[in-house]
Amino acid sequence: MDFLMRINKFLNKVLTLTGGVVLIGMILLTCANIVARQVYVPIQGTFEIMGYAGAVVTAFALGYTQFTNGHICVDVLVNAYPKSMKRLISILNHGVCALFFFIVAWHVVQKAMTLKHAGEISETLRVIYYPFILAVALGCFILGLALLTDFLKVLIPRKAGDK
Amino acid sequence: STPAAADAINLNYANFPPAPTFPCVQMERWKVEVEKRTNNQVAINTFPGGTLLEAKGMMDGVIAGQADIGTICMAYQPGRFIITNATSLPLGIPDAKTGSMALLKLYEKYKPKAFEEVVVLAMFTNAPGNVMSMVPVRTLEDIRGLDLRASGGAAQILKAWGANPVGMPMPATVEALQKGTVKGLFSSLEVMKDFKFAENCKFVTMTETVIYPFSVIMNKSKFNSLPPDVQKVMMDMKEEQSLWTGAYMDEQIKKAIAWSKESNNVEFISLSAEEKARWDAKLEFITQDWIKDATEKGLPAEEIIKDIRAYIQ
Amino acid sequence: MSLTLIGVLGIFFLLFILFVFGIPVGFAMGLVGFIGFSQVISVDAGFNMLATVTWDTFAQYGLTVIPLFIFMGQIAFYSGVNEKLYTAAFTWVGHIRGGIAMATILACAAFAAICGSNAATAATMTTVALPQMNKYKYEPMLSTGSIACGSTLGVVIPPSVVLIIIGLSTEQSIAKLFYGGLGAGILLALLLTLTVYVLCSIYPAWGPVGEKTSFKAKIVSLGGAVEMLILFMVVMLGLYFGLFTPTEAGAVGSFFAVVIALVQKKLSWNDFYNSIFDTLKISCMVIVIITGAMIFGRFLAITRIPFDIADWVVTLPFSKVTIMAIIFTIYIIGGAVMDALALLLITIPIFFPVAMELGYDPIWFGVTITIVTTLGAVTPPVGATTYVVWGMAKDVPLERVFKGVAYFLPAYIVCIILMMLFPQVVLFLPGLL
Ligand code: NA
Ligand code: NA
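Protein chains in written order, with the numbering used here: chain A, 1 to 163; chain B, 1 to 313; chain C, 1 to 433.
Chain A on its own, in the form it takes in the complex (with noise of 0.2 angstroms):
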């Protein structure tokens, strides 16, 4: 169980700080492909990849907004609840939303290797893009794994004395 967590907040912070350091490369690019639109010629391919890192950026902030509870619910009725009654819906909702995350994760992946096989590239820089589409299956998946933990926390209480 600790271990899980820890695990899960290593794996969100690599990937947060990734999602950061793209997010910091987007605002340069932009304002790179003005300037050398002013002076110059445009930077080929920005928009396409402006579209690509955005999609690295929002996946790779999944999991840590879960662990942040910053996805946000109606919680006016939950609230309401006796305590064992918000227990159970809590164990319910992490985990069918846990299960549903790997869904949307193995699928997203079989979507990539889809465009793999079938040799698409992009349009305007004509590279593969299906790593991209991996990476959101990656953030999905951790997203995923941050649901399972929150699953496992409900589910099995610590024990009085455990830190």
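Treat the hints as calculated values from the structure; they're not laboratory data.
Owing to the predicted nature of the structure, the values given are computational and were not obtained by experimental measurement.
It is possible that some hints are incorrect.
[As the list claims (entries may be wrong)] Not everything, but these chain B residues come out facing chain C in the computed CB check (under 7 angstroms): (1) P171; (2) Q178; (3) A273.
[What the hints assert, rightly or not] Quick list of in silico lysine-lysine cross-link-like pairs, PhoX-like style, CA-CA up to 25 angstroms: (4) K116(A) with K276(B); (5) K232(B) with K116(A); (6) K13(A) with K394(C); (7) K238(B) with K220(B); (8) K394(C) with K153(A); (9) K292(B) with K36(B).
C-beta: ideal position from N, C-alpha, C; glycine also.
Given chain A, work out where chains B and C with the ligands should sit, using these hints.
Same frame as chain A, now just chains B and C with the ligands:
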């Protein structure tokens, strides 16, 4: 149209551009004709504007059964439809009708592997691309350094002429033109009317190069589950529908040209034979590169080019 | 089971797991959309839809505007620039009841003029404006309500992706739609501001009055805000003169916000780090909701509920105005449960010809349904904009945010009625083209 029979087979037909565009017009025409010719044994639900599937997800969406039928634009997925995308090389396809027939013949002859998981119901192309711009382009020197919207193969051609191709979706182009972020675009001319580009682009240079190949595809097991007489109606319509769409496209181009001249005083610039030769010379390497690349991938590249040239004569 | 029934059940199931189970909004819409779609077509098709919509939405260039503008707002927040901006605003308008809320709505309108997205406007403006309104002891219902409603101006005031899509699906001039949206947007902004004034006259405690300040103090207060104003001008002018797109404006704004903060030595390494992490978290939350709405929209589309309702209205034996009112009601309800863009894409091909048949002006119809649909973005149960504001206004309960929004609803109704009575509100500016 007559109401569908209660026990009709329902088919979902997905399309990515907005309803008034030509790929959706041909979709509605196909729906009406198929429903009529099968005596309403099938009922076709159409989903324009990417409401069921977007352009790039269309092929895999139809294979997975997300839609039963879909229209794909092959240029959006370079690398995937190498043989049929050869029609978008600068080979001098004069109009959409000729382009559509050449594309269909090419498909029928080579039966590309890219289509092996679907049934092809029609193949068509748009009309050749021309340069629409806010400043007059009369010579190669005029286009040099000009920011023009283009995607896929069209971008490569603009680059060869010395222009700056800017990749962006057609809807974004409207705003970009109003703000002057791009100075024009390179596409077939129906957009002058459909997207009201004539309001900004007062000049059109008739380059008559590059088409986009489209295909209407159907989920294979869904097709196989249809009664034989319905299958026959669809297969019998393949060539007819392709031809109809090409002819419709050409008609739209004529209307767009007339409308642009009449309502927005757009000037249409024809290149002299001498000037046109200069433009064409710049593009020769594109076909050569494609031949080299396709040959490496084990395709009969030379033969494909020869065939296309023969089909469009 | 008929498709319509499945669709209706899907909507109820969504509400159920949203409210009774408290599943996060974006997850819930995705989950129900996926289950419903799989039920209607097949599980394989559902899987494919899920993966494709997730990738397409995440990788959409248009949405990159969200993290960029949020980052700009975060930097302004952590470096204290926006606090100064609000101190200045308070010095200028603080003596008016609810002055800061009015300033916020006008700031939303100004921001909307750059940004095409409701959600991005809401996220940025909540970051910038909410802490300041809290500081001046504004009633949370008033502050969150004015931000949520002010943010809806994002799709009405150009540039607007929604107006562009309407232009394309109806073959109308996008420039004319933009100018029409500008007129309507200004009217709505004024009505929302007026609402603040009326609310604060009735409940004086909601928008506390500050002291009257001298003219000199007003000028001096600008000193601390001038950097941000210059940055805003750079972004606006750059857009106006076509130097860049909204995404580029976000990047340029972010870049200079960091530069300004660094030059003034107001941004520690820790602040910078926090800005990035907060940006990732907020934009991720926003984009997950958009993705969920897209998936749910795919499900509704396949049940053909939007198409069926549209087909049905056309057959009604009522007067022109009644049919238009029915159409608007459908857009309000539709906007309440699904994403505006998806709703418009599905229904316009059917309702637009009806409006033309009834003799309404195409530009007027396009702009008016944009305002009507945008109303749906703040109403429950799927008020994306309201959720974004609430998600960031940590201590305010959801029902209070929705209640705050409810106070502004009359402004929308009056706006729509005025547009029906005086179409010139919309049509004057396009007429100048
Ligand atoms: Na806007
Ligand atoms: Na709503």
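Structure-based check of all given hints:
1. For P171(B), the suggested interface contact is upheld, since its CB lies about 5 angstroms from the closest CB of chain C, less than 7 angstroms.
2. Look at Q178(B): its Cβ gets to within about 6 angstroms of chain C, closer than 7 angstroms, so that hint holds up.
3. Here the hint on A273(B) is broken, as its CB sits about 37 angstroms from the closest CB of chain C, past 7 angstroms.
4. The suggested pairing of K116(A) with K276(B) is violated, with an alpha-carbon distance near 39 angstroms, which exceeds 25 angstroms.
5. For the given pair, K232(B) sits about 35 angstroms from K116(A) by alpha-carbon distance, which is inconsistent with the 25 angstroms threshold.
6. Our distance criterion of 25 angstroms between C-alpha atoms is met by K13(A) and K394(C), whose separation comes to about 23 angstroms.
7. With a C-alpha separation of about 15 angstroms, the suggested pair K238(B) and K220(B) falls inside the 25 angstroms cut-off, and the hint holds.
8. Proximity of K394(C) to K153(A) is assessed by CA-CA distance (about 24 angstroms); at most 25 angstroms being required, the pair is judged to hold.
9. Distance hint between K292(B) and K36(B) is unfulfilled; the C-alpha atoms sit about 47 angstroms from each other, more than 25 angstroms.
Consistency note: the structure conflicts with the earlier hints numbered 3, 4, 5 and 9.
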